[in-house]
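Each protein sequence line maps, in turn, to chains A and B.
Quick note: to get the working numbering, add 60 to the position in the first sequence (first position is 1).
Quick note: to get the working numbering, add 189 to the position in the second sequence (first position is 1).
Worth flagging that the hints you see were computed from the coordinates, not collected in a lab.
Any given hint could be a false lead.
Stated by the list, open to error - Ranges of calculated distance between the beta carbons of each label pair, as one might list FRET restraints:
(1) Ser337/B to Asp122/A: 52 to 58 Å
(2) Ser579/B to Glu470/A: 56 to 62 Å
(3) Thr338/A to Ser579/B: 36 to 42 Å
(4) Gly137/A to Lys562/B: 43 to 49 Å
Said to hold, decoys possible - No more than 25 Å apart at the CA atoms, straight line, and that leaves these computed lysine to any residue pairs for SDA-like:
(5) Lys260/A to Cys203/B
(6) Lys446/B to Ala350/B
(7) Lys623/B to Leu162/A
(8) Lys439/A to Phe355/A
(9) Lys645/B to Met488/A
(10) Lys236/A to Glu577/B
(11) Lys236/A to Glu594/B
(12) Lys413/A to Lys496/A
(13) Lys244/B to Pro213/B
(14) Lys623/B to Phe355/A
(15) Lys400/B to Glu559/B
(16) Lys623/B to Glu158/A
(17) Lys435/B to Gly452/B
(18) Lys549/A to Leu613/A
(19) Lys236/A to Glu559/B
(20) Lys435/B to Ala547/B
(21) Lys157/A to Gly521/B
(22) Lys496/A to Asp412/A
Predicted model, so just to flag it, every value in this text is computed and none were measured.
For glycine and all other residues, C-beta sits at the position ideal for the given N, C-alpha and C.
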Amino acid sequence: MRQYQEEYITNTKNLIELVRHKALAGLQKSRAVREIRESNTRILRENLIPTLDDILTVSRDDIDSLVEFTDTLMRLGLDAGVRYYICKALVSYARVKEDRNLLIKELYMTGMALFGLKNISGNSNDGQLCWKMQMVFGEAAGYIRSYDKIEDAETRGYIHRSMGNLALGLTGRDSKTAERKMEVIRRSLQVLTDPAYRQKTPELPWETYLYKQHQERTTLMEYLRSGEVTARIVGEVMESAQYVYDRQVENAREKGVPLEARWLHNYYAASYYCGVYTLPELLHQLEGVYASLSFSDYSANGMYGNIYLPQFYSVYAAKDAEMLERKRPVVLMMYRRVAEYLKHVPLGEDRDKLFFYVRGSLAAYIEYPGDNCFLDYVKEVTAGRRPEAYALSCRVAETALRILEEMMAEMPGRLLGIRGTQSIQELMERREEIKKFLYDCCILRNVGKLEMLELYEVSSRSWLAEEEEMHRAHPLLGRKILSRCDSTKDLAPVVLGHHRWYDGQGGFPEEYHREEQQDAVLTDIVSVADYLEKGFGRNGDGQAEENGLDELLRQLRSFSGTRFSPYVAEAAERCFFKAACPKG
Amino acid sequence: MRSFEELEQLFGKCEQAYFVTTHPFSEDAVLIYGNSAAAALTGINMKEIAGHGVKDLGGQWKDKRHMYSSVFDGDLCLTVIVDMAEAEIRAEETHEEYRRNMEKALEAANEANQAKTKFLSEMSHDIRTPMNAIVGMTDIALKYVEDSRRTEDCLKKIKIASGHLMGLINEVLDMSRIESGKLTLNLDDFRLTDLIHSIMIVMKPQAEKKKILFQLELGEILYENLQGDAMRIQQIYINLLSNAVKYTQEGGNVRMKLHQEQGENGMVRLMAEVEDNGIGMTPEFVERIFDPFERERNTTFSKIEGTGLGMSITKKLVEMMQGDIRVVSSKGKGSKFSVCLQVELSDKGAAFEKNALAGRRVLVLQGVEEELKQLPGMLRHLGMEVDEASRGMEAVDLINDADMEGVDYFAMLTGSMLTDMEISLFLPEVRARKGKDFPILLLSENDWSEEEYLLKQAGVTAFVPLPLSESRLSQALYACTEEGRNSQARAESRPERSYQSSRILLVEDNELNMEIALEILGSTGVQIDTAYNGQEAVDAFRSKPEFYYKLIFMDIQMPVMDGLEAARQIRAMERADASAVTIVSMTANAFAEDRQRSMEAGMNAHITKPLDVEQLLECLDRWCGR
């Protein structure tokens, strides 16, 4: 590897350590993160980008160093974005130089980088990333036709892996996609179990490939009770579930440890979907798995059981309304424990898995009216997992409330209509309720970011175009999370619109239409409060610039009527700048 | 002697009185026959008078009457009695009618004259307006020649004004040529779908600009390869459609329906309807709509551009194509024009294309275009094997399957809009994967020229315009076969552009045109001599050794001697290269008969003005390249 590549990797590792470090907090941490990001961005700009620009004419040593660099990044699970760009360039190089082995490998690596990006994106850009994955994995897999001409075992391995990974891009929840996924896996398994291939390349880890493929097939179990699947598919999924379960039992026995919760869950779920278990039987089995876990187990298995399993449990219970009601105490108890558990997970633990499980818990939460409240849960998650960002949200909320108070005092007519108010008197009478609503909107305005925590927390350089695009999807993801439950659905439009301009001519996402919203003025307030707080330079993400007060006021005024509501901007100016910077 | 019946047959129904007597007609003459008018005149039953003398008729009936006699049947006399009083009345009546007719004719002439005067007055204004813009903008451009942005802006405005001016002049010239019987129609092969596509390209932006819903409904199309003057047919349809758009308010509808009917003697009838829900016309104006120089004015559309000749030209062109045009209109509700044109069938077939395509497998990516639903059926009809994908992701799956199963796609055909991905992002991936020679055909109703650069960059090999037709499709696919590529390469093969050893003679009397041509041709390295009229050209050719010039670019209208005469004189010279030298006429005149005259004068080819870089270079490639 080149020196810059090593330096980049070191910086990235340091940043991850820094993010996990408890001692540094607030502004100090934010500055340290920013320094690393700037350093890494410079490294890429000065070294990597010129190489990629001239990829067809650089030396073979340069190519080899790039290959090694991406291999290392992938092995360490780092930086899918940079990997994607490098691998794409290497694919171009391999095509032009007709280096078949390199082409196959880099197609596979490109696919894996895209898979990494897909995971980071919180599925916000699924379509785009999935079809690209299918293209590169598919092309690499197509070399199965030239298998005998390719002597290199490693390259043959990439062909098999690509064939198997074709299933990764098939994420649609429709039966057509499920059928397709079955077909792809079936074809891959056919090759993996063909003795001829094993004989040709005995050095490949055939059993691992086979295991991964069966594992992937078990993800199809949720389609099994849709009524559209054939007995063949049901049988195949059950076969895979049994295969994975057997291997896990064997593995656990060898290591002398209990069987992991996820494998038990998968096996029981497959048994249910295939018709072996009834719903009560499945729930009973899952209760057993859950009960066997330690509440203070922060390993991957512990996190799975304590955070993820309760979500599955509630989803299964919800398949039958009566069952959901019967299991109310169990579900509520599990949720309380999840919230508590999240407060205690040490920051440095396996963050990838934690993010993944948290995301799952948000997507599947079920509210029992009067008993539990998704709003409280999601606030707790935000506070527990993103304390710096939560603190910023609290400040944004305080700022927003000051603006609201100012408007209530000076221009109450502008607020008429929010939360369905029909008179100034009603507005004043419901003042506290409205303030609470606005406060929650501010706290949860960035809830969509929970779906993409890796993007915000451990990105060690400036964002790539694809990542910027992901970021712009966070209001949409926020709306999706909040729209599901009664306690949060009213917050969804405000959260959706807090980055969209007042005049509709800028910002994001385009899906927000101010004129259609009852609480548009509250969105305007959140938008200004968010901007001001970032301007004060206390952004927990470490991505924003610090601005002087004068500059902030200038910007506030210049955006009045375009980005910001002129009334909200006026109220904000009176609240925060009146004494220091008289107008004019 | 003739019988009474015979005489009755001859004169019985005549209004004037006829007598047949012995010769000559006098008091002594014997009466042989008198017709019923004679009986009425004299009060005597003529059946009874035969054998009586003329004097027996009495004399009163002769008052105010003239008698005209002539020899009849050799020795008899035929006498006609003319009532002067009645004749005078009749003469007066005739005169009055004549006078009335004359007055009407005069009135009509005056009206026509007034219309022409009005037309000339308006035309002068219409011509002066863009001319003023051209002159004014040219002055500004010259004044600020160093300021490239300003110059560019002026040139753009000049281009717009020139286009408008050219349109006006073309219409006036068309009408003039039609009226003098000089307009002839070309008989060229054309594809109906190409013609429709061209119309759509012109009309869609016009309609979109006014937010008008423009719909094309294709009925039964029996034959796609036709023969006729496609340019004039297009002119007819575009005239009707432009008017429909022009006279329809924003948000309205304009619809064109087109179908074919089998005609006689190998002809096919093109039946078109252009319907709008615009302002419509008064019945009075409908009567006059096809008269030259007429245009209706009203308060809503007070500023109407055009000469008022469009509909008149349209009708004349329709008549020249043995067709018929009708209009129904209702004021405030809209108008509907129905046009029937007769065109011939082209004998060009696509059988060889079909043979070359049969058995090949293609991937069809449907896209959102409704029209593409017919595509798989057409491809199968061409004998091709088709894999269909309704979404981009399905296409990816099919490509992957094909690769793994050893199936080679001959080509991919795709719509321009997909439901699940952006086509311009997807196609580069397909191109990269399938290699540079894999044909990717994009089917779209959009103007290809606008998107060509970007889409070719994205990997598109060729463009198939919609509406879809089997022959157009087979032609496009055939061009992607090895056979098709070879024949295309043969057709398009250009010798290497190396003209240094070639000499050409450029004959042009206009300084600016000469300058443009020199600018274009000069960059190729070809050696150029110039002549400013036909005589100079003839002299230059004569004075040079044989085969000195490979090519002569010849303007047609020039002082001293025109291009046609110059070509004739060059061809008539007694020297080895007189018939061999290539002479290419250059003129803005695009009329078929004038092209014919050029050919008759000995020209080899014709290029149109304003001179176009590609046209000139193509000539060099063809006749001077090595």
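Going through the hints against the structure:
1. Against the hinted window of 52 to 58 Å, the Cβ-Cβ separation of Ser337/B and Asp122/A comes to about 42 Å, which falls outside the hint.
2. Distance hint for Ser579/B and Glu470/A: a CB-CB separation of about 57 Å, consistent with the stated range 56 to 62 Å.
3. Separation of Thr338/A from Ser579/B is about 39 Å and conforms to the stated range, judged on CB atoms against 36 to 42 Å.
4. With their beta carbons about 47 Å apart, Gly137/A and Lys562/B fall inside the hinted range of 43 to 49 Å.
5. As the CA atoms of Lys260/A and Cys203/B are separated by approximately 119 Å, the hinted pair breaks the 25 Å bound.
6. A distance of roughly 33 Å separates the Cα atoms of Lys446/B and Ala350/B; the hinted pair therefore is violated under the 25 Å criterion.
7. About 17 Å separates the Cα atoms of Lys623/B and Leu162/A, which keeps this hinted pair within 25 Å; it holds.
8. Restraint check: the Cα-Cα separation between Lys439/A and Phe355/A comes to about 21 Å, which is no more than 25 Å; the hinted pair holds.
9. Straight-line distance between C-alpha atoms of Lys645/B and Met488/A comes to about 63 Å, which puts the hinted pair past the 25 Å bound.
10. Restraint check for Lys236/A and Glu577/B: the C-alpha separation of about 15 Å stays at or below 25 Å, so the hint holds.
11. The hinted pair formed by Lys236/A and Glu594/B meets the criterion: a straight-line CA distance of about 21 Å does not exceed 25 Å.
12. Between Lys413/A and Lys496/A the alpha-carbon distance is near 33 Å, which puts this suggested pair outside the 25 Å criterion.
13. Taking the CA atoms of Lys244/B and Pro213/B, the gap is about 13 Å. The hint holds against a cut of 25 Å.
14. Between Lys623/B and Phe355/A the alpha-carbon distance is near 54 Å, which puts this suggested pair outside the 25 Å criterion.
15. Note on Lys400/B and Glu559/B: the hinted pairing holds, with a Cα-Cα distance of about 21 Å set against a maximum of 25 Å.
16. Taking the CA atoms of Lys623/B and Glu158/A, the gap is near 14 Å; set against the 25 Å cutoff, the hint holds.
17. For the hint pairing Lys435/B with Gly452/B, the CA-to-CA distance comes to about 33 Å; that exceeds 25 Å, so the pair is violated.
18. With a C-alpha separation of about 34 Å, the suggested pairing of Lys549/A with Leu613/A is violated against the 25 Å cut-off.
19. About 23 Å separates the Cα atoms of Lys236/A and Glu559/B, which keeps this hinted pair within 25 Å; it holds.
20. A threshold of 25 Å between alpha carbons decides the hint, and for Lys435/B with Ala547/B the separation of about 47 Å lies outside it, so the pair is violated.
21. A threshold of 25 Å between alpha carbons decides the hint, and for Lys157/A with Gly521/B the separation of about 69 Å lies outside it, so the pair is violated.
22. For the proposed pair Lys496/A and Asp412/A, the alpha carbon gap of about 33 Å is over 25 Å, so the pair is violated.
Violated hints, listed in ascending order, are 1, 5, 6, 9, 12, 14, 17, 18, 20, 21 and 22; each of the other numbered hints is respected by the structure.
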